[in-house]
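Trainee: Numbering of the sequence shown is given in the working numbering, commencing with residue 22 and proceeding in unit increments.
Simulated from the structure, these hints should not be mistaken for laboratory data. Treat the hints with care, since some could be wrong.
Distance windows between CB atoms, simulated [as the list claims (entries may be wrong)]:
| id | residue 1 | residue 2 | range |
| --- | --- | --- | --- |
| 1 | D451 | L346 | 56 to 66 Å |
| 2 | K207 | T284 | 33 to 43 Å |
| 3 | S151 | K330 | 55 to 65 Å |
| 4 | S151 | T284 | 58 to 68 Å |
| 5 | D305 | A37 | 21 to 31 Å |
| 6 | D266 | E240 | 51 to 61 Å |
| 7 | Y90 | K330 | 51 to 61 Å |
Once the Cα atoms are required to be at most 16 Å apart in a straight line, the calculated EDC-like pairs of lysine to aspartate or glutamate come out as [to be verified]:
| id | residue 1 | residue 2 |
| --- | --- | --- |
| 8 | K128 | E259 |
| 9 | K98 | D87 |
| 10 | K126 | E371 |
Predicted model only: the values in this text are computed from it and were never measured. For every residue, glycine included, the Cβ atom is placed at its ideal position computed from N, Cα and C.
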Amino acid sequence: MKLGSKIILGFVAICAIFAAIIGAVVISLQKVDQGSEDLKSMILPANIDAAVVQSSIARGGLNILDYGYSHAERALKKYGEYESAADSSLANLRRLAGQGLAQGKPKSLELLGEAELQFRAFREGARELSAQIASIVANRTSSISSFDALSKEVEGYRHNQELQILAAIGSNVGLEEITKRFNRFKSSVRLSDLTNDYYIELLRGLYYQKASFFAKAGEYIETILTETKALRESSSLEANRAQLDRILGLGQVAKAANDNLLTIMGKYLIDKDTRERTRTSAMDASGDLTKAFNDMTEEFTQDAKSSIKAAFMIMVFGGLVAMALSSLFGFFLTKSITGPINAVIDNLSEGATRVDRTSEELSLASNTLADGATENAASLEETSAALEELSSMTKRNADNAVEANSLMSSATEAVVKAENSMTNVIQAMDHIATSGN
22 MKLGSKIILG FVAICAIFAA IIGAVVISLQ KVDQGSEDLK SMILPANIDA AVVQSSIARG
82 GLNILDYGYS HAERALKKYG EYESAADSSL ANLRRLAGQG LAQGKPKSLE LLGEAELQFR
142 AFREGARELS AQIASIVANR TSSISSFDAL SKEVEGYRHN QELQILAAIG SNVGLEEITK
202 RFNRFKSSVR LSDLTNDYYI ELLRGLYYQK ASFFAKAGEY IETILTETKA LRESSSLEAN
262 RAQLDRILGL GQVAKAANDN LLTIMGKYLI DKDTRERTRT SAMDASGDLT KAFNDMTEEF
322 TQDAKSSIKA AFMIMVFGGL VAMALSSLFG FFLTKSITGP INAVIDNLSE GATRVDRTSE
382 ELSLASNTLA DGATENAASL EETSAALEEL SSMTKRNADN AVEANSLMSS ATEAVVKAEN
442 SMTNVIQAMD HIATSGN
């Protein structure tokens with residue numbers, strides 16, 4: 022495989038490893054991203070709405086209790102605000118359920134339906150309270166008015182009996198008449214005490230909102246009517262009889278008002294218990310719903326932690342694996358690249374060594390040629406001297422021409438040899454120069 026192909030293959034392999042790591046991390050974090058979107062758009066708003074429902078029911082219930090005791094319109098108005106808030110939050114929860122909230126969690130949807138059912142029951146009972154309180158207030162006013170009239174008449178009768186006994190004592194009537202009038206005075210005082218006891222039980226019933234107090238007040242009125250009838254039958258004075266008749270009439274009115282209060286309060290107390298049960302049930306249902314959404318939030322948190330942890334582990338171990346594989350690929354790729362280069366370097370080193378040895382041999386040859394050139398130059402000098410000598414000798418000894426001719430031939434041959442030697446030296450120097458280059 023060529024070097025370029027090896028480099029491309031290693032780069033592609035490393036990129037594939039990192040692409041696989043990135044893909045695994047993206048898949049892990051995609052769940053977190055989707056869960057975060059669900060948490061932001063549905064679960065947290067649903068959690069808030071469920072808490073608003075629970076809080077609104079609790080606070081609305083307190084305002085209903087306040088209205089039941091104080092009959093203050095501000096309490097009823099405040100309850101209306103909490104009822105509207107609970108209605109709105111339940112509508113939001115139902116809308117979120119339609120958008121996929123609690124998908125795959127039917128228990129949460131069942132809790133939502135139960136919370137809606139219990140809230141409607143509580144709301145219906147609360148809306149009936151206004152009419153009941155209006156009836157209680159009207160009958161309370163009637164009872165108090167009838168008590169005021171009865172009490173005033175009883176006190177008038179007692180005052181008249183007091184005056185009659187004082188008049189009897191001042192007119193020196195007999196003891197029997199004084200005793201008779203005194204007994205009527207005591208009876209008038211008892212009527213006054215019974216009237217006050219009736220009023221106390223009436224107030225207790227209105228304050229504590231218990232039917233037993235109204236029943237006790239009714240017993241006092243019955244006693245008042247019974248004893249008033251007995252006094253009327255035993256009275257001989259027409260003024261006393263007329264006054265006792267008025268007391269009987271007012272007592273009947275008070276009895277009717279008390280009976281109405283007893284009936285109304287009986288139903289009110291039954292409805293109150295029902296409202297309290299439905300309020301408790303609605304709060305429990307909304308509390309369970311809130312807990313369900315809290316569990317969903319906790320479940321998402323745990324899933325997010327697991328996904329992020331998985332992504333982190335993938336990044337760490339994937340990075341280590343990628344580093345190890347990259348190092349391995351780098352080692353083999355480097356080895357595959359440097360092997361041929363090292364072989365080339367070894368061949369170049371061996372060639373350089375051979376060139377060095379050849380250069381040394383050429384240097385020795387050059388030195389040898391230089392020595393030969395020096396010797397040839399000396400020979401040329403000697404030959405020149407000889408020629409001069411021969412020239413002079415030619416003048417002196419013409420007779421030796423043949424021998425001189427022979428010597429000239431020898432000298433000529435020596436010159437030719439010298440020229441050949443010089444030519445060889447020049448060629449050797451050129452070869453040395455070429456080898457040096």
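Trainee: For a quick check of understanding: which of the numbered hints are violated here, in increasing order?
Mentor: 4, 5, 6, 8, 10
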